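Going down the list, the protein sequences come from chains X and F. Going left to right, the first sequence walks through residues 608 to 938 as the numbering used here numbers them. Going left to right, the second sequence walks through residues 608 to 938 as the numbering used here numbers them.
Be careful, since some hints might not be right.
[Claimed, not checked] Derived contacts from chain X toward chain F, CB cut-off under 8 Å, selection only:
id, residue
1, A629
2, P849
3, A852
4, S856
5, L907
[Unchecked claim] Negatives, chain X to chain F, calculated, CB over 12 Å:
id, residue
6, K609
7, A618
8, P691
9, E747
10, V807
11, R831
12, S840
13, A882
14, S898
15, D920
The set of hints was computed from the structure by calculation and includes no laboratory data. None of the values given here were measured: they were computed from a predicted structure. Ideal Cβ positions, reconstructed from N, Cα and C, are used throughout, including at glycine.
2 protein chains.
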Amino acid sequence: MKKLLDDPAEAVTDSLRGFALAHADLVSVHDSPLFVHRADDRPPGRVAVISGGGSGHEPLHVGFVGHGMLDAAVPGQVFTSPTPDQVTAAVLQAANGAGVLALVKNYTGDVLNFEAGLELADAEGIEVSSVLVDDDVAVEDSQFTAGRRGVAGTLPVEKIAGAAAARGDSLAAVTELARRTVSRVRSMGVALTACTVPHVGRPSFDLAENEVEIGIGIHGEPGRHRVEASGASDITRRLVEPVIADFESLAGEQVLLFVNGMGGTPLSELYVVYAHARGLLEDAGAQVTRSLVGSYVTSLEMQGASVTVLRLDDELTELWDAPVRTPALTW
Amino acid sequence: MKKLLDDPAEAVTDSLRGFALAHADLVSVHDSPLFVHRADDRPPGRVAVISGGGSGHEPLHVGFVGHGMLDAAVPGQVFTSPTPDQVTAAVLQAANGAGVLALVKNYTGDVLNFEAGLELADAEGIEVSSVLVDDDVAVEDSQFTAGRRGVAGTLPVEKIAGAAAARGDSLAAVTELARRTVSRVRSMGVALTACTVPHVGRPSFDLAENEVEIGIGIHGEPGRHRVEASGASDITRRLVEPVIADFESLAGEQVLLFVNGMGGTPLSELYVVYAHARGLLEDAGAQVTRSLVGSYVTSLEMQGASVTVLRLDDELTELWDAPVRTPALTW
Numbered sequence: 608m609k610k611l612l613d614d615p616a617e618a619v620t621d622s623l624r625g626f627a628l629a630h631a632d633l634v635s636v637h638d639s640p641l642f643v644h645r646a647d648d649r650p651p652g653r654v655a656v657i658s659g660g661g662s663g664h665e666p667l668h669v670g671f672v673g674h675g676m677l678d679a680a681v682p683g684q685v686f687t688s689p690t691p692d693q694v695t696a697a698v699l700q701a702a703n704g705a706g707v708l709a710l711v712k713n714y715t716g717d718v719l720n721f722e723a724g725l726e727l728a729d730a731e732g733i734e735v736s737s738v739l740v741d742d743d744v745a746v747e748d749s750q751f752t753a754g755r756r757g758v759a760g761t762l763p764v765e766k767i768a769g770a771a772a773a774r775g776d777s778l779a780a781v782t783e784l785a786r787r788t789v790s791r792v793r794s795m796g797v798a799l800t801a802c803t804v805p806h807v808g809r810p811s812f813d814l815a816e817n818e819v820e821i822g823i824g825i826h827g828e829p830g831r832h833r834v835e836a837s838g839a840s841d842i843t844r845r846l847v848e849p850v851i852a853d854f855e856s857l858a859g860e861q862v863l864l865f866v867n868g869m870g871g872t873p874l875s876e877l878y879v880v881y882a883h884a885r886g887l888l889e890d891a892g893a894q895v896t897r898s899l900v901g902s903y904v905t906s907l908e909m910q911g912a913s914v915t916v917l918r919l920d921d922e923l924t925e926l927w928d929a930p931v932r933t934p935a936l937t938w
Numbered sequence: 608m609k610k611l612l613d614d615p616a617e618a619v620t621d622s623l624r625g626f627a628l629a630h631a632d633l634v635s636v637h638d639s640p641l642f643v644h645r646a647d648d649r650p651p652g653r654v655a656v657i658s659g660g661g662s663g664h665e666p667l668h669v670g671f672v673g674h675g676m677l678d679a680a681v682p683g684q685v686f687t688s689p690t691p692d693q694v695t696a697a698v699l700q701a702a703n704g705a706g707v708l709a710l711v712k713n714y715t716g717d718v719l720n721f722e723a724g725l726e727l728a729d730a731e732g733i734e735v736s737s738v739l740v741d742d743d744v745a746v747e748d749s750q751f752t753a754g755r756r757g758v759a760g761t762l763p764v765e766k767i768a769g770a771a772a773a774r775g776d777s778l779a780a781v782t783e784l785a786r787r788t789v790s791r792v793r794s795m796g797v798a799l800t801a802c803t804v805p806h807v808g809r810p811s812f813d814l815a816e817n818e819v820e821i822g823i824g825i826h827g828e829p830g831r832h833r834v835e836a837s838g839a840s841d842i843t844r845r846l847v848e849p850v851i852a853d854f855e856s857l858a859g860e861q862v863l864l865f866v867n868g869m870g871g872t873p874l875s876e877l878y879v880v881y882a883h884a885r886g887l888l889e890d891a892g893a894q895v896t897r898s899l900v901g902s903y904v905t906s907l908e909m910q911g912a913s914v915t916v917l918r919l920d921d922e923l924t925e926l927w928d929a930p931v932r933t934p935a936l937t938w
């Protein structure tokens, strides 16, 4: 294992130290319990939106803390849920007079620990709500979940909820918008290579030189099946067809197409996937009106990509377009 | 070789097809000869800034076309210089009434082909100038260069020249600012793994499981030496010390610190390198006042990183901070 790390056991805190120094205008890192929160002044009386989960998916979630997206993010160790006390501390810090919404990817550990953390914050008098993100159409239940996994669809949910909070929506309204976004977003991914968790030191699974794993999870969990490595056109079709099939119909719909890299894939390849995915969506009658291409929801250095489709409406489009200023996403 | 590509010989054009579709508000791709240019309206009478070089370093250069940075970019095949006719066509398209500055990374092929392309544009009556970028302190001459190589320092040169052009500076003034930036920027990189050029199909060099290459070029060209893979602290020191030594002195200076990923390295590791590099610069008496961390000047899926330091002054800081809106860099 070759990585640009020192003590593998300190990978998360060592990285966050640099992250805080590089983006001191936007974020602060709170140690013990560990969480990241906005450093800029916030207008009072707004809903706060938080998220979190295991590290190793950077820039998700810490890179999305800032104006117009997350108020705080709670990082666990690599591929490990954060603890309830981290969640509680982040909620208490983020609370800004109008309640706190937690966006939780659907993994059993995250669900339980966020629930426990939110209960403690509620007992401290903070109004809280939570929304589960479960956009991965690849598998119905998995190694770490009851129900579908939360993957790259988390990004648009965080963006849209954050924009609704920034415009002054109530906790109930922001929560409803996050739920609506979850109900309209679907993803599926592929791995070309495995990744290596620093404190484990060996690849999390084996994949033959001529194989790819279709429907991979963001922790290297098994997907739907392994197939022979083929071209981008064929692989993209294997991701997009199940996504399209999971919507009732996309005919006449406006969609956001988000092609996400898993960490070790060149940006140039993501654009090849994007072109194919866009063609397939157009064949299904959809109009791609918003796009995002880049490595935003990663699995360390895994090579691969995922395709996320969000069925837009006027309000979701407006919230997607709203200004955002975070370390990893700015417009 | 597993990549998200179809025909390896068409990797560049297939990728640019997706790139153009995803960013149609910002860029257009011109086929035959191939170049990328701004799609938005530009105020007339401004200097145009162009750049280019071999593909495989994305988002450099095509991802930096847009408001406040490049007017056009000329992509060659992977790790291969663009041809003179591409350069001429890009200059003629980009010219906007006040001359065209070409920013050229110092590789023999790029230097010759840009020179030939600019001469043809000059013969068509376009006022042209060019600036070579040669920020890599690792080697004095190399496989593909006379003199130092141009690497990630190209990004701040493009940003600063583009901002000067956007504010209405003359061709002579933009050219002088680009030269000043080149004279104040230094870089050095490390590879943990090699990369595979699509149409070659095998890694461009061999690196043992316990070795890293210090001073790597962005095409996998040999660096200074191979050393045993060590921790991020030691590796960063091996990059930053030669960079610092190449400046007369950094005591009391304000600097931009740019930690760049080579394409296959997780963002979280780049922040570990950033923290170490910042500490070393502060030990040398510098004050890090601007920061950039991410994979912007890449070598396909190579794992590794580079450190770039730009000695700022008030004007360079103002131009760095000026608004920019491109596919890959926006603030």
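Going through the hints against the structure:
{"no.": "1", "hint": "A629", "in the structure": "holds, 4 Å"}
{"no.": "2", "hint": "P849", "in the structure": "violated, 17 Å"}
{"no.": "3", "hint": "A852", "in the structure": "violated, 22 Å"}
{"no.": "4", "hint": "S856", "in the structure": "violated, 23 Å"}
{"no.": "5", "hint": "L907", "in the structure": "holds, 5 Å"}
{"no.": "6", "hint": "K609", "in the structure": "violated, 4 Å"}
{"no.": "7", "hint": "A618", "in the structure": "violated, 7 Å"}
{"no.": "8", "hint": "P691", "in the structure": "holds, 24 Å"}
{"no.": "9", "hint": "E747", "in the structure": "holds, 26 Å"}
{"no.": "10", "hint": "V807", "in the structure": "holds, 15 Å"}
{"no.": "11", "hint": "R831", "in the structure": "holds, 18 Å"}
{"no.": "12", "hint": "S840", "in the structure": "violated, 5 Å"}
{"no.": "13", "hint": "A882", "in the structure": "violated, 4 Å"}
{"no.": "14", "hint": "S898", "in the structure": "violated, 4 Å"}
{"no.": "15", "hint": "D920", "in the structure": "holds, 21 Å"}
Hints 2, 3, 4, 6, 7, 12, 13 and 14, counting from the list given before, are not met by this structure.
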